[in-house]
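Asker: Read off the chains here:
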Amino acid sequence: MKILIVEDDSKLLTQLTDRLRSEAYAVDQASNGEDGLHLLQESPIDLAIVDLGLPDFSGIELIKNARKKGSMVPVLILTARSNWQEKVEGLEAGADDYMVKPFEIEELLARIRVLLRRKGGWAQSILTCGPITMEPSTHTVTKKGKKIELTSYEFKVLEYLMTHAGEVISKTTLSDHIYEEDLDRDSNVMEVFIRRLRKKLDEDGKLNPIETIRGEGYKFTLKREG
Amino acid sequence: MNSLQSRFAYGTILLLLLFSVALAGFLDRMFHQSQRQSEENRLRGLVYSFISSMNVDKNGEVEVVLPEVISDDQDIVVAVLDGNQKQVWRKGQVDIPRTIPEIGQWDYRHLRKQNHASRLAFGMEWEGDNEKKWKYTLVIRDSGKIYRDAMDAFRKNLWTWLSIGCLTLLTLQLLLLRLGFKPLKQIADEVFEIEQGKQHKFEHEYPSELSPLTTNINSLLRHERGRQMRYQQSLDNLAHALKTPLTAMMNLSQQKEIDASLSKELSEQIVRAKDIVDYQLKKAGTVGKSPFAKPIAIRGIVEKISRSIQKVYAHKNLDIQMQMDDEVTVTMDEGDLFEVIGNIMENAAKYGTSKIHVRMSGNELTVEDDGPGFNEEKIQSIVQRGVRQDQRTEGSGIGLSVAYEIISVFGGSMELAKSHSLGGALVRIQF
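Chains as they are written, first to last, in my numbering: chain A, 840 to 1065; chain B, 30 to 460.
One thing to keep in mind: the hints can contain errors.
Coverage of chain A stretches by chain B, computed from C-beta distances (three or more under 8 Å per stretch; other residues unrestricted) [said to hold, decoys possible]:
| hint | segment |
| --- | --- |
| 1 | 922 to 934 |
| 2 | 939 to 948 |
Mimicking EDC-like on lysine to aspartate or glutamate, the simulated pairs with C-alpha atoms at most 20 Å apart in a straight line are [said to hold, decoys possible]:
| hint | chain 1 | residue 1 | chain 2 | residue 2 |
| --- | --- | --- | --- | --- |
| 3 | B | 345 | A | 1050 |
| 4 | B | 447 | B | 393 |
| 5 | B | 214 | B | 238 |
| 6 | B | 293 | A | 945 |
| 7 | A | 1038 | A | 1050 |
| 8 | B | 285 | A | 857 |
| 9 | A | 982 | A | 931 |
| 10 | B | 379 | A | 943 |
| 11 | B | 293 | A | 943 |
| 12 | B | 379 | A | 857 |
| 13 | A | 907 | A | 881 |
| 14 | A | 850 | B | 286 |
| 15 | B | 379 | A | 946 |
| 16 | B | 379 | B | 348 |
| 17 | A | 1010 | A | 988 |
| 18 | A | 908 | A | 873 |
| 19 | B | 174 | B | 104 |
| 20 | B | 340 | A | 946 |
| 21 | B | 333 | A | 931 |
| 22 | B | 211 | B | 232 |
| 23 | A | 986 | A | 862 |
| 24 | B | 340 | B | 399 |
| 25 | B | 323 | B | 286 |
| 26 | B | 340 | A | 931 |
| 27 | B | 285 | A | 946 |
| 28 | B | 333 | A | 1050 |
| 29 | A | 908 | A | 931 |
| 30 | B | 285 | A | 862 |
| 31 | B | 285 | A | 945 |
| 32 | B | 340 | A | 928 |
| 33 | A | 903 | A | 874 |
| 34 | B | 333 | A | 943 |
| 35 | A | 908 | A | 874 |
| 36 | A | 958 | A | 946 |
| 37 | B | 285 | A | 943 |
| 38 | A | 958 | A | 1006 |
| 39 | B | 333 | B | 304 |
| 40 | B | 293 | A | 946 |
Please keep in mind that the hints were generated in silico from the structure rather than gathered at the bench. Note that the Cβ used here is the ideal one computed from N, Cα and C, for glycine as well.
Let the sequences and hints guide you as you build the complete structure.
Answerer: Listed below in structure tokens is the structure:
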């Protein structure tokens, strides 16, 4: 999952980025509204965290512009000004949630997970598809109650596929949402991840959770529950 | 009589009435004198006519061949008195004057009590053929009908034209007053519009006597608005400048390298600092009772906050029911109103299960939820700064305290109780 952070305070930006990366999110950064708007429109972002007090134009303007141009990305606003008029203005402009500074990063992570889940149409915090269960908050994946050890990138790929269970996801889309903007991508690596995941999730080859659709991409075939 | 225009109008009417009465009295007096003079002259003419038609024989007997001008006039009576004031000739009944004029002297009297009759007496000496002289007094009296008719006609005309003149003057005066007071009325109208928040300054052109006033008030308003905006901007900047580093500090305090107990202590202190900053900034930013606040439709605010809360607390699938008319308004600063209703409704969303009822009746707003409700013992402490109902739930814990503070500054009241309909908390505000 790729998250865009638009924050002008470099210290906070670095802290948030580091923490989100440690939680297996791909992070794109912008320190002003213009860059943030550009990334929001051009990059395959799954969620944006936008500070309202940006140096060039307000975060509210950024959200309004993005929504006007058709972006449906969930937006969480960060504000130092905890007044309700501004919160309402931000939420009416198209934001989905807000956090008032200072906030605990764990609370932010919880809000991010809720928004991502809501975007994927999931009602529960635990994603369940057939015998496979994923708990994003603890990065735990189990099959029939048995824990499956995954690397960070394997978790990222599985999370995206499970969140979009039943949809065909192209290799490019998958890469876009897993890798950060400025990272070199090797298409063969994605195939390696998929192969490893299949092996870990389907040791006996009976389940076939990830199907390859020739010329189109991959599909998580197990039926979602909840 | 609080209106300046009414005072001037009543004053003008009174002055005009006094002036008209004085003028009428003066003109009446002048006309009366003129009529007296005219009557005296007429009677003198009649006296000369009478003398020219009078003859006295050698025995002093008076013989008269009355001229038509006297004989035909029923209102004229004449008497001739000899030296002993004894009537020696008369036409009609004439009262003898108390004072008899000397020879060659006239004595004219306007007899107001006798229906404004006029009487002229003339003292004369008649020299007969035998050079014998007789002294006579000729008395001529008019009934006053000519005088009365003239005065009646004059007075009728006088009051007619005076009334027309007065009414015309009064109308013109009232029009002038209206014209003169129009700028003042316009100023009052504009002040009302400014008070209602419908305009920010005096927008009309005013006469030179008033324009310094409106220009100065406009400058004051601009200055005050600018000051308030700079003040709010400074508070916002201060919030941003303080709370962004606090966020960074909080994140640092939660890093794995830091000892758990130290991390906990640091987090608590940062939250405390944040609560103090939030509370003090919100308190400083409260506008309170502003003379320039405009009436705000409360339903619009509640609907906006409901949409926001439903978005943020989507996982609770909130059922927010509103009971209020579209036109119910509260004359309060919009930011303050957002803060009060936002904090109370968010509190209901945060602690409630799924139902929130918002009701406005008269100037009373009630918000109820289906949560656990307020702890009776802590109801008073909740409206104190920074006391939190539930430490486990995210939130600054100052929401209700801020709402309470704003309502207190505004001059209203806030009451916390138990909701009988939903079983949770009830917050009642009197604006």
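Asker: Confirm or reject each hint.
Answerer: Cross-check of the supplied hints:
1. Counting residues of the segment 922 to 934 of chain A whose beta-carbon sits less than 8 Å from any beta-carbon of chain B gives 7, enough to reach three: the coverage restraint holds.
2. Proximity of the segment 939 to 948 of chain A to chain B, defined as three or more residues with a beta carbon under 8 Å from a beta carbon of that chain, is established by the 8 residues found.
3. For a cut-off of 20 Å, the pair hint linking residue 345(B) to residue 1050(A) is broken: about 36 Å separates their Cα positions.
4. In summary, the hint linking residue 447(B) to residue 393(B) is supported, as the alpha carbons are separated by about 16 Å, within the 20 Å threshold.
5. Taking the CA atoms of residue 214(B) and residue 238(B), the gap is about 14 Å. The hint holds against a cut of 20 Å.
6. For the given pair, residue 293(B) sits about 14 Å from residue 945(A) by alpha-carbon distance, which is consistent with the 20 Å threshold.
7. Proposed proximity of residue 1038(A) and residue 1050(A) is supported: the alpha carbons are some 13 Å apart, at most 20 Å.
8. Of the supplied pair hints, the one linking residue 285(B) and residue 857(A) holds, its CA atoms being roughly 13 Å apart against a limit of 20 Å.
9. For the given pair, residue 982(A) sits about 41 Å from residue 931(A) by alpha-carbon distance, which is inconsistent with the 20 Å threshold.
10. The suggested pairing of residue 379(B) with residue 943(A) holds, with an alpha-carbon distance near 17 Å, which does not exceed 20 Å.
11. Distance restraint check for residue 293(B) and residue 943(A): the Cα-Cα separation of roughly 12 Å lies within the 20 Å cut-off, and the hinted pair is therefore satisfied.
12. Only pairs whose Cα atoms come within 20 Å are accepted, and residue 379(B) paired with residue 857(A) is rejected, the gap being roughly 30 Å.
13. Between residue 907(A) and residue 881(A) the alpha-carbon distance is near 14 Å, which keeps this suggested pair within the 20 Å criterion.
14. Proposed proximity of residue 850(A) and residue 286(B) is supported: the alpha carbons are some 18 Å apart, at most 20 Å.
15. Only pairs whose Cα atoms come within 20 Å are accepted, and residue 379(B) paired with residue 946(A) is accepted, the gap being roughly 15 Å.
16. Between the alpha carbons of residue 379(B) and residue 348(B) the distance comes to roughly 13 Å, so the proposed pair stays at or under 20 Å and holds.
17. The hinted pair formed by residue 1010(A) and residue 988(A) fails the criterion: a straight-line CA distance of about 23 Å is larger than 20 Å.
18. A C-alpha spacing of about 14 Å is found between residue 908(A) and residue 873(A), which places the hinted pair at or below 20 Å, so the restraint holds.
19. Of the pairs offered as hints, the one joining residue 174(B) and residue 104(B) holds, with about 8 Å between alpha carbons and a cut-off of 20 Å not exceeded.
20. Taking the CA atoms of residue 340(B) and residue 946(A), the gap is near 17 Å; set against the 20 Å cutoff, the hint holds.
21. Taken as a hint, the residue 333(B) and residue 931(A) pair is honoured in the structure, with Cα atoms around 8 Å apart against an allowance of 20 Å.
22. Note on residue 211(B) and residue 232(B): the hinted pairing holds, with a Cα-Cα distance of about 15 Å set against a maximum of 20 Å.
23. Simply put, residue 986(A) and residue 862(A) have alpha-carbon atoms about 18 Å apart, close enough for the 20 Å limit, and the pair holds.
24. For a cut-off of 20 Å, the pair hint linking residue 340(B) to residue 399(B) stands: about 19 Å separates their Cα positions.
25. In summary, the hint linking residue 323(B) to residue 286(B) is not supported, as the alpha carbons are separated by about 54 Å, beyond the 20 Å threshold.
26. Using a Cα cut-off of 20 Å, the hinted pair residue 340(B) and residue 931(A) holds, with the two alpha carbons roughly 10 Å apart.
27. The suggested pairing of residue 285(B) with residue 946(A) holds, with an alpha-carbon distance near 17 Å, which does not exceed 20 Å.
28. For the hint linking residue 333(B) to residue 1050(A), the alpha-carbon distance of about 45 Å lies beyond 20 Å, and the restraint is violated.
29. With a CA separation close to 16 Å, the supplied pair residue 908(A) and residue 931(A) stays within the 20 Å bound.
30. With a C-alpha separation of about 14 Å, the suggested pair residue 285(B) and residue 862(A) falls inside the 20 Å cut-off, and the hint holds.
31. Annotation: proposed proximity of residue 285(B) to residue 945(A) holds, straight-line Cα distance about 13 Å (limit 20 Å).
32. Of the pairs offered as hints, the one joining residue 340(B) and residue 928(A) holds, with about 13 Å between alpha carbons and a cut-off of 20 Å not exceeded.
33. Restraint check for residue 903(A) and residue 874(A): satisfied, since their Cα atoms lie roughly 15 Å apart, inside the 20 Å limit.
34. With a C-alpha separation of about 27 Å, the suggested pairing of residue 333(B) with residue 943(A) is violated against the 20 Å cut-off.
35. At roughly 15 Å between alpha-carbon atoms, residue 908(A) and residue 874(A) fall within 20 Å of each other, so this suggested pair holds.
36. Straight-line distance between C-alpha atoms of residue 958(A) and residue 946(A) comes to about 18 Å, which keeps the hinted pair within the 20 Å bound.
37. Simply put, residue 285(B) and residue 943(A) have alpha-carbon atoms about 14 Å apart, close enough for the 20 Å limit, and the pair holds.
38. In summary, the hint linking residue 958(A) to residue 1006(A) is supported, as the alpha carbons are separated by about 14 Å, within the 20 Å threshold.
39. A distance of roughly 26 Å separates the Cα atoms of residue 333(B) and residue 304(B); the hinted pair therefore is violated under the 20 Å criterion.
40. Simply put, residue 293(B) and residue 946(A) have alpha-carbon atoms about 15 Å apart, close enough for the 20 Å limit, and the pair holds.
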